[in-house]
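Novice: Spelled out, the chains give:
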Amino acid sequence: MTTIGVTRTTLLKDLRMEWRSKDAINSMLFFALLVVVIFSFAFNPTAEESRRIAGGLIWVAFLFAAVVALNQTWARELRNQVLDAYRVSPAPPNALFLAKAIGNFFFVVVLEALMAPLFVVFYDLRSVGPVWQLIVVALLGTWALVVNGTFFAALSIRTRSREIMLPLILFPISIPALLAMVDATTSILTGEASPDFWIKMLAVYDVVFTAVCLLLFESVLNAE
Amino acid sequence: MKNLFIAFVVFTLALLAFSTYQALFVAPTEQTMGEVQRIFYYHVPSAWTAGVCFFVNFLASVAYLWKRNLASDGVAAASAEVGVTFCTIVLITGPIWARPVWGIWWTWDARLTTTLVLWLIYVSYLVLRRFSAGGQTQVLAAALAIFGFVDVPIVYMSIRWFRTQHPSPVMGGGENSGLDPAMLHAFFWNLAAFTCVGIVLMVVRYRLQMLEEKVEATHAAAALQGGSR
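The listed protein sequences derive, respectively, from chains P and U.
Quick note: the first sequence, position 188, residue 188 per the working numbering, numbers continuous.
If you want the working numbering, it's the 1-based position in the second sequence plus 224.
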């Protein structure tokens, strides 16, 4: 089987399982909703303030919510030794990784699309800059979180206390991506600065870390 | 080999004593900052040593993924721990100097923030090493080390841009511009001494790591033979 074929099959299987159970998306949605409500109590912002801090709020909420889904990525493959079966099969490891990463990307993008109206309502947001740029930032930023997150979930699944391990290793590495997402979003919402540098920065981050992930995934999958 | 190492330790101690004397007594007192500037002789060499350690850690991690030998992993583990130690010294001595000179303990300037993120990344590396089980530790740690090393220039770039958009820190922080020759002298002695201390610590830690591996392997062999005591 080719890489594309395996990727598509695995991806469709994951999407179908998620469509039937809705485990990841439900827990992410509820978690993100809680974060939105708690932040609103914690900072109690006015409309003008919220435009300034919204970039941070939105991305911190999505980052925390994404961790919930990422932690479940590999857990279901451990049951019935699916991962071991995958390792002995001739299927290319990177196909599995890509399928998982794309699947998570899809889940988190759906989450963002569902949560965006809620942010607008709760924080009275109106974008001063062009909205299409927000979509570009969201797509690039989500991939930045998800590609490393999927990889680190594969790392942390092999450790003790795996649920807590993922954020511990994902957050430090993601700091530049988070900085870029937050600053780009704030620039667009307030319309005070150009987000161009941050968008390029996110694109570079995505390319570099996608390459590193694909390079190292086989070693991690076969780690004994 | 062991005698050579002991000789090196003695040499390092002598060098450290001499460089401390240089830094505290020989180097002239800085005009505006006063005595607190002397912390510079410890702060910058520690940063340098931490940088060397993290670079060694990266090379050893690549070597491990390539050759799969325990020695490379031992070097990686040792260098990461020693690097985090020196990086901690940098993060502690920095604010001690900044408080009287800048008037603040900390500022989110590019260099400070990058050092802090670097420290966070390698602490997470040590946590991963501690929490992963058995024979998988080496591969997982090596993979994370490569991620961390690739991340550092990106962190620096992004934070520099982040800060150039906003007001610059209280003072430019150009501490290195035009150093007095006597100061430079003391500085290089300390740089040499700290590098040697770093090497000594890494060697000791490496040996400890190898011993731990040996103990674990012996236990595993004993358990396999059913000869548990």
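Please keep in mind that the hints were generated in silico from the structure rather than gathered at the bench.
A couple of the hints might just be wrong.
Said to hold, decoys possible - To be clear about the criterion: a stretch of chain U counts as covered by chain P if any three or more of its residues have a C-beta under 8 Å from a C-beta of chain P, and this derived list gives those stretches:
| no. | stretch |
| --- | --- |
| 1 | 242-254 |
| 2 | 313-325 |
Stated by the list, open to error - Subject to a maximum C-alpha distance of 25 Å in a straight line, what follows is the list of computed DMTMM-like cross-link-like pairs (lysine to aspartate or glutamate):
| no. | chain 1 | residue 1 | chain 2 | residue 2 |
| --- | --- | --- | --- | --- |
| 3 | U | K438 | U | E305 |
| 4 | P | K200 | U | E437 |
| 5 | U | K291 | P | E218 |
| 6 | P | K13 | P | E77 |
| 7 | U | K291 | U | E437 |
| 8 | P | K13 | P | D84 |
| 9 | U | K291 | U | E305 |
| 10 | U | K291 | P | E77 |
| 11 | U | K226 | U | E437 |
Since the structure is predicted, the reported quantities are computational estimates derived from the model, not experimental observations.
Where a beta carbon is used, it is the ideal one built from N, C-alpha and C, also for glycine.
Novice: Would you mind marking each hint as holding or not holding in the structure?
Specialist: Each hint, compared with the structure:
1. 242-254: violated (count 0)
2. 313-325: violated (count 0)
3. U:K438 <-> U:E305: holds, 20 Å
4. P:K200 <-> U:E437: violated, 45 Å
5. U:K291 <-> P:E218: holds, 15 Å
6. P:K13 <-> P:E77: Holds, because 12 Å separates the two Cα atoms, which is no more than 25 Å.
7. U:K291 <-> U:E437: Measuring from Cα to Cα gives roughly 17 Å; hence the hint holds.
8. P:K13 <-> P:D84: holds, 18 Å
9. U:K291 <-> U:E305: holds, 22 Å
10. U:K291 <-> P:E77: Answer violated: K291 (chain U) to E77 (chain P) is near 29 Å, above 25 Å.
11. U:K226 <-> U:E437: holds, 20 Å
Consistency note: the structure conflicts with the earlier hints numbered 1, 2, 4 and 10.
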